[in-house]
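Engineer: Now for the letters of each chain:
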Amino acid sequence: MPWVVTITLLVCALAAIALTGGFGRNAAAFVGSEYDTDATISTRLWDVSVEGAEMSHEDGTVRVHIVATNKQLDSARDLTTNMLVVILPDDTAMWRSSCFPVDRSSFGPEVPTRAVCEFDYERNDVPAPAVAETMDVRVVVCDQTMTDALIHVPTPEAGEPVGWVGVTATAVVDQP
Amino acid sequence: MNRRVAGVVAVVVSLVVVGVVRSAIPPYLPTQSHVSPDEQSVVDLEVGAIQLLEVRAATRLQGDGSFPDGLGTDATFVTARVRITPHGGTLRVVSDIQSADGRSYEALDVAGLPSPAVVYVGQRVTQTLIFEVPADRLAGAHLVIRGAGDDGVQAIQPVAWFPVEVDVESGSLTIDETIVEPAA
Numbered sequence: 001m002p003w004v005v006t007i008t009l010l011v012c013a014l015a016a017i018a019l020t021g022g023f024g025r026n027a028a029a030f031v032g033s034e035y036d037t038d039a040t041i042s043t044r045l046w047d048v049s050v051e052g053a054e055m056s057h058e059d060g061t062v063r064v065h066i067v068a069t070n071k072q073l074d075s076a077r078d079l080t081t082n083m084l085v086v087i088l089p090d091d092t093a094m095w096r097s098s099c100f101p102v103d104r105s106s107f108g109p110e111v112p113t114r115a116v117c118e119f120d121y122e123r124n125d126v127p128a129p130a131v132a133e134t135m136d137v138r139v140v141v142c143d144q145t146m147t148d149a150l151i152h153v154p155t156p157e158a159g160e161p162v163g164w165v166g167v168t169a170t171a172v173v174d175q176p
Numbered sequence: 001m002n003r004r005v006a007g008v009v010a011v012v013v014s015l016v017v018v019g020v021v022r023s024a025i026p027p028y029l030p031t032q033s034h035v036s037p038d039e040q041s042v043v044d045l046e047v048g049a050i051q052l053l054e055v056r057a058a059t060r061l062q063g064d065g066s067f068p069d070g071l072g073t074d075a076t077f078v079t080a081r082v083r084i085t086p087h088g089g090t091l092r093v094v095s096d097i098q099s100a101d102g103r104s105y106e107a108l109d110v111a112g113l114p115s116p117a118v119v120y121v122g123q124r125v126t127q128t129l130i131f132e133v134p135a136d137r138l139a140g141a142h143l144v145i146r147g148a149g150d151d152g153v154q155a156i157q158p159v160a161w162f163p164v165e166v167d168v169e170s171g172s173l174t175i176d177e178t179i180v181e182p183a184a
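Sequence order for the protein chains is Z and L.
Take the first sequence: its position 112, counted from the start at 1, is 112 in the numbering used here, and no numbers get skipped.
Take the second sequence: its position 27, counted from the start at 1, is 27 in the numbering used here, and no numbers get skipped.
Just so you know, these hints were derived from the structure itself, not from any lab.
Just to be clear, a hint being listed does not mean it is correct.
[Said to hold, decoys possible] Computed spacing ranges between beta-carbons, pair by pair: (1) Z:V102 <-> L:A183: 31 to 39 Å; (2) Z:A171 <-> L:H87: 39 to 47 Å; (3) Z:V102 <-> L:E46: 36 to 44 Å; (4) L:G72 <-> Z:F100: 17 to 25 Å.
[Said to hold, decoys possible] Subject to a maximum C-alpha distance of 25 Å in a straight line, what follows is the list of computed SDA-like cross-link-like pairs (lysine to any residue): (5) Z:K71 <-> L:G102; (6) Z:K71 <-> L:D109; (7) Z:K71 <-> L:D101; (8) Z:K71 <-> L:V144; (9) Z:K71 <-> L:G89; (10) Z:K71 <-> L:G140; (11) Z:K71 <-> L:P134; (12) Z:K71 <-> L:D38; (13) Z:K71 <-> L:D74; (14) Z:K71 <-> L:A57; (15) Z:K71 <-> L:T73; (16) Z:K71 <-> L:V94; (17) Z:K71 <-> L:L53; (18) Z:K71 <-> L:S104; (19) Z:K71 <-> L:A100; (20) Z:K71 <-> L:T90; (21) Z:K71 <-> L:A111; (22) Z:K71 <-> L:V168; (23) Z:K71 <-> L:T79; (24) Z:K71 <-> L:H142; (25) Z:K71 <-> L:G72.
[To be verified] Here are some, though not all, of the chain L residues that point toward chain Z, as calculated from beta-carbon distances under 8 Å: (26) D74; (27) S104; (28) Y105.
Every residue gets a Cβ at the ideal spot worked out from N, C-alpha and C, and that includes glycine.
Start from the sequences, fold in the hints, and give me the full structure.
Structural biologist: So, in C-alpha cells, the structure goes:
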C-alpha cells in the first residue's frame with residue numbers, strides 16, 4: 001500500500017499549493033502597505049508620492065503622475081527601472097513603463113520633482129480594458145527592479161514592493 | 001663583493017623611498033584640479049575661457065509660452081550667467097553645482113527656456129545655466145564647469161571652480177537669451 005500513501009501525499013501537496021495561490025500567475029500580488037494619494041512612500045533611493053492617474057484609450061496607455069525625490073548624491077536622469085507597477089482591476093500587472101520628469105531634464109538630490117510614468121498595454125502584453133470614463137487601478141511603488149514573475153508570487157524574496165496607492169484613472173483625449 | 005652588495009641595497013632602498021613618496025602625493029594638486037577665478041571672475045582652462053558674470057537665486061522662474069504663470073520649486077532655482085570662449089575646438093559645457101557635503105546638481109534643461117549651447121571655435125557665447133538646489137545646500141557650494149568636446153568625451157580635470165555666494169530673492173528670475181557673437 002505504499003503507493004496509495006504516496007499518491008495521497010502528492011494530491012495533498014498539490015491541493016495545498018493551489019489553495020495558497022497556485023503556481024505563478026494565479027497567486028495574489030504582494031503589493032506592500034496601502035498609502036493615501038500624495039503620501040510619501042519611502043524607498044532606499046527615492047521618496048515617491050502618487051498624485052493621480054489618467055488613461056488614453058487612443059494611445060492604449062495609463063499615465064501615472066508622481067512626485068519623486070532623489071535620495072542619491074548625484075542628479076539622475078531616470079527613475080529606477082520598474083520602480084512602479086500598475087495593477088488593473090482584473091489584477092493584471094503592468095510593470096514595463098517609461099518615466100520622465102515633467103518640466104525638468106533630471107532629478108536633483110533632495111529636490112521633489114514631478115514626473116510621469118507611462119504604461120502601455122501592448123508593451124506589457126495586457127489586453128486593453130473596456131472603454132470607460134474611469135478605471136480604478138493600484139499603483140505599486142517598489143524598492144528595486146520588479147519583474148512580472150516576481151509580482152505574481154505571494155511573497156517576493158526581498159519584499160521589494162514597499163506600498164501601493166489606489167487611484168482612479170480618468171480617461172483623457174490627447175491633443176494631436 | 002661587499003661594495004657590489006651595498007650598491008644593490010642602495011638601489012633597492014632608493015626605489016622603495018621613491019615609491020613611498022609617490023604614493024603619498026595625490027595624482028594632482030588641488031590647485032590644479034579646481035581652478036579658481038581671477039579678479040575678473042575668469043577661469044582660463046586649456047579648453048577655453050569661462051567668465052562668471054552673475055549668480056542669482058529664487059524659488060520661481062519667469063515663464064514664457066510654455067509656462068505663462070512661471071515655474072516654481074520647493075527647492076531653489078540658481079541661475080549662473082556665463083560667457084564662454086573656446087580656445088582650440090568645439091566646446092560643450094558640462095556643469096553642476098556641488099554642495100559642501102558632496103551632492104551634485106547638474107544643470108537643468110527646462111522646457112521652454114534656452115538650453116545650454118554648444119560653443120564653436122571663433123564664437124563667444126553668453127548663456128544662462130539653471131540649477132535647482134535645496135536652499136540649505138547653498139552654503140559653501142561651488143559652481144563647477146568643465147569642458148567637453150563635441151563628441152561628448154568629458155575632460156575631467158581641471159575644472160573651473162566658482163564659489164556660489166548668493167541670496168535667495170523673493171521674486172521670479174527671468175532667463176536672458178543666449179548671445180552668440182564673434183570671439184574678440
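Engineer: Indicate, hint by hint, whether the structure satisfies it.
Structural biologist: Tested hints:
Taking the beta carbon of each, V102 of chain Z and A183 of chain L are about 37 Å apart, inside 31 to 39 Å as hinted. Distance hint for A171 of chain Z and H87 of chain L: a CB-CB separation of about 56 Å, inconsistent with the stated range 39 to 47 Å. For the pair V102 of chain Z and E46 of chain L, the beta carbons lie near 38 Å from each other, so the given range of 36 to 44 Å is met. Hint check: G72 of chain L to F100 of chain Z, Cβ distance near 19 Å, so the stated range 17 to 25 Å holds.
Of the supplied pair hints, the one linking K71 of chain Z and G102 of chain L holds, its CA atoms being roughly 13 Å apart against a limit of 25 Å. For the hint pairing K71 of chain Z with D109 of chain L, the CA-to-CA distance comes to about 21 Å; that is within 25 Å, so the pair holds. Restraint check: the Cα-Cα separation between K71 of chain Z and D101 of chain L comes to about 14 Å, which is no more than 25 Å; the hinted pair holds. For the hint pairing K71 of chain Z with V144 of chain L, the CA-to-CA distance comes to about 21 Å; that is within 25 Å, so the pair holds.
A hinted pair counts as satisfied when its Cα atoms are at most 25 Å apart, and K71 of chain Z with G89 of chain L does not qualify at roughly 37 Å. Note on K71 of chain Z and G140 of chain L: the hinted pairing holds, with a Cα-Cα distance of about 20 Å set against a maximum of 25 Å. At most 25 Å may separate the alpha-carbon atoms for a hinted pair to count; K71 of chain Z and P134 of chain L meet this at roughly 13 Å. Straight-line distance between C-alpha atoms of K71 of chain Z and D38 of chain L comes to about 35 Å, which puts the hinted pair past the 25 Å bound.
For the given pair, K71 of chain Z sits about 15 Å from D74 of chain L by alpha-carbon distance, which is consistent with the 25 Å threshold. Distance restraint check for K71 of chain Z and A57 of chain L: the Cα-Cα separation of roughly 23 Å lies within the 25 Å cut-off, and the hinted pair is therefore satisfied. With a C-alpha separation of about 17 Å, the suggested pairing of K71 of chain Z with T73 of chain L holds against the 25 Å cut-off. The straight-line distance between the Cα atoms of K71 of chain Z and V94 of chain L is roughly 22 Å, inside the 25 Å bound, and the hint therefore holds.
Our distance criterion of 25 Å between C-alpha atoms is broken by K71 of chain Z and L53 of chain L, whose separation comes to about 32 Å. Under the criterion of a C-alpha separation no larger than 25 Å, the hint pairing K71 of chain Z with S104 of chain L is consistent with the structure, at around 12 Å. The suggested pairing of K71 of chain Z with A100 of chain L holds, with an alpha-carbon distance near 16 Å, which does not exceed 25 Å. Between K71 of chain Z and T90 of chain L the alpha-carbon distance is near 35 Å, which puts this suggested pair outside the 25 Å criterion.
Between the alpha carbons of K71 of chain Z and A111 of chain L the distance comes to roughly 24 Å, so the proposed pair stays at or under 25 Å and holds. Between K71 of chain Z and V168 of chain L the CA atoms are separated by roughly 24 Å; this keeps the pair inside 25 Å, and the hint holds. About 23 Å separates the Cα atoms of K71 of chain Z and T79 of chain L, which keeps this hinted pair within 25 Å; it holds. Between K71 of chain Z and H142 of chain L the alpha-carbon distance is near 20 Å, which keeps this suggested pair within the 25 Å criterion.
For a cut-off of 25 Å, the pair hint linking K71 of chain Z to G72 of chain L stands: about 21 Å separates their Cα positions. Checking D74 of chain L against chain Z by beta carbon gives a least distance of about 5 Å; that is within 8 Å, so the hint holds. A cut of 8 Å between beta carbons decides the hint on S104 of chain L: the least distance to chain Z is about 4 Å, and the hint holds. Among the interface hints, the one on Y105 of chain L holds; its C-beta lies about 5 Å from the nearest C-beta in chain Z, closer than the 8 Å criterion.
Comparing the model with each earlier hint shows violations of hints 2, 9, 12, 17, 20; every other hint is respected.
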